[in-house]
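As given, the protein sequences belong to chains F and H, one line each in that order. Reading the first sequence from the start, the letters are residues -16 to 343 in the numbering used here. Reading the second sequence from the start, the letters are residues -16 to 343 in the numbering used here.
Simulated from the structure, these hints should not be mistaken for laboratory data. A portion of the hints provided could be inaccurate.
To be verified - Dumping the calculated DSBU-like pairs for lysine-lysine here, alpha-carbon to alpha-carbon at most 30 Å: (1) Lys148/F x Lys268/H; (2) Lys268/F x Lys148/H; (3) Lys121/F x Lys274/H; (4) Lys104/F x Lys104/H; (5) Lys67/F x Lys40/F; (6) Lys121/H x Lys268/F; (7) Lys67/H x Lys104/F; (8) Lys67/F x Lys104/H; (9) Lys274/F x Lys121/H.
Protein chains: 2
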Amino acid sequence: MRLLFLLLLSATCAYAQENTRFTDARSLMITGKGLPTDPVYVRLDSIQTLPLTPAVKGLSKHSAGIAVLFETNSTYIRARWTLKNGLYYANITPIGHSGLDLYARRNGRWQWVGVGRPGDKTIQNEQVIISNMDTTLKQFLLYLPTYNQLTSLEIGVAPDALMRKPVKAAIDTTKKVVMYGSSILQGASASRPGMAYPAIISRRTGWDVVNLGFSGNGRMEFPVAELLATMPASCFVLDCIPNPSPAEIRERAYPFIKHLLTKRPEVPVLLIETVIRENGYWDQKVGEDTKLKNDAIRDAYTKLKAEGFKRLYYLPATDLVGHDHEATADGVHLSDLGFMRQAEIVLPILQKLMKKSSSK
Amino acid sequence: MRLLFLLLLSATCAYAQENTRFTDARSLMITGKGLPTDPVYVRLDSIQTLPLTPAVKGLSKHSAGIAVLFETNSTYIRARWTLKNGLYYANITPIGHSGLDLYARRNGRWQWVGVGRPGDKTIQNEQVIISNMDTTLKQFLLYLPTYNQLTSLEIGVAPDALMRKPVKAAIDTTKKVVMYGSSILQGASASRPGMAYPAIISRRTGWDVVNLGFSGNGRMEFPVAELLATMPASCFVLDCIPNPSPAEIRERAYPFIKHLLTKRPEVPVLLIETVIRENGYWDQKVGEDTKLKNDAIRDAYTKLKAEGFKRLYYLPATDLVGHDHEATADGVHLSDLGFMRQAEIVLPILQKLMKKSSSK
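Excised from the complex, chain F in its bound form (with noise of 0.2 Å):
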């Protein structure tokens, strides 16, 4: 009897995924854009990454930060997407780089619910994100791959449920956070996508938070400051001292800060230092290359708040990541633990600049 109960119930639920209604993740709300892009997951187009250089161009199609908001109540949700390239990173897992994270709101608040898991270098994926839920309307947020580009998503439900945008987003638009930076703000090493900082913040605020984090780049090329100037940002955050010289800084950090302040002084900026390199406590070479570059930002901070930029703040990188030593996945890109850590410092600070902003 237990057997053919068994065999009834795994039949009913083949039936129902094989009669799973898919639902293009376009038709659905889009967050973490600081413009329209044409296509819609990436996160700067190639007409807004004209005078950028060619790695920014690359960096940029990945779809770190972005989500797609959704409300349902089916008993399961599937995702199906279709990824650019079959990747390895030796720091980051193929979730973080290549798969799907996915949140629901419950009681006031954004809870983790699962992981869409990307095959071996595997271009289109399939998988069952969630089963067994109850029946109740919810609010869902999808984070896409942070480190791939992704070309097609539809998300999966149950034939007779309904699937729609937010009526009452939990996200708000109207208040964007525009992050720029290096490899650790696009994500690695999160576990997931939704462990990146940016998203901690967003998912704990409701801000939409703007991920602008380019691997090894974030060199604060002039043309990116003229972009980020034209983005309906509420607050900008520099996070971008990881990969510039300290010479790069030193000539490039002071344009492209006071460009940003000029062109929107309704804005306020944070600059973040660059956090430190574990390594650097014991290759005495990248420990003096950190202190050079903290050292040029600071000092380009010092000049713009003595010209009597009052928009501008700065946070040194001193207790950004904690004082174990253990933050970090291979000394330099933040595991789960640093980035629960950056987003507790971060966010008090951009509580208080938000009220401040006058751009809302």
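Add chain H to chain F, keeping to what the hints say.
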């Protein structure tokens, strides 16, 4: 002049690297082992696993929790390591499953130094882990891969550097904590081998913590209890509730634990409930199953306590990984954030139990 200097420096480095002196790690100090084995980098050898299941036989070859201790004054450390398999895990970084993780002693603590990054499914790996150190004599601790079998390891230092077993090792192999459990214990999804929670506890205390986590297993088969009872443990930790079914726990936990308590009356035994599966807050079947498992192990504990076993202790899962639902990579396996939280809960309990242990 500066260019000439850099060229000379780079030539000197290349020269130094060419002349790296490699030491077979088997001649150094090996920690994290319950019993001696042949070969040395496995957790249990073929003779010890004779009565165990094929799955545990295979998994026992993974080098989880095993670490090499050595002292050197070299300015750099290289490693050559050979793996049995080229692997893919969606939820673990390659550094975690197949890489190396180096710490050194500073100011009476273990501090992170660097990682050895494996290539994509690369069997033979060679990497510089750290460079440009000063030439003071330091003690190092190198963790081996958590989810792969290591078949050879050589550690390379500068040709004129000292390289030896530590004269006074900062891990005390006479204080063994033997931990038995699941994939979580084994180290999925630590970002690097040193972030599995047994490794964190070992660094903080100087105890030799033995990792007998078996992915998808740790199902309390009776021969495992017989094997554990032969190990020179000062304390046993049974974190093995995630994988057996509620029925298996009801059948196996009582005789398994009773055997340990009876054979080794001097050794405290800590039972840990299964961590709440994060998807179980949404997937009603998973949530119910987790509850039934913890009910079953709690009943075994209560029965044994009623029989008068004083050295049996119980840790509920309630606070193990915090309450923000963010501590896993995939709903089951702890990220570094989860491991740090679990280590901080388990560590003070073990400190009390180690004081009660008569096996020192």
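To see whether the hints hold, each was checked on the structure:
| no. | hint | result |
| --- | --- | --- |
| 1 | Lys148/F x Lys268/H | 28 Å, holds |
| 2 | Lys268/F x Lys148/H | 28 Å, holds |
| 3 | Lys121/F x Lys274/H | 24 Å, holds |
| 4 | Lys104/F x Lys104/H | 12 Å, holds |
| 5 | Lys67/F x Lys40/F | 15 Å, holds |
| 6 | Lys121/H x Lys268/F | 19 Å, holds |
| 7 | Lys67/H x Lys104/F | 21 Å, holds |
| 8 | Lys67/F x Lys104/H | 21 Å, holds |
| 9 | Lys274/F x Lys121/H | 24 Å, holds |
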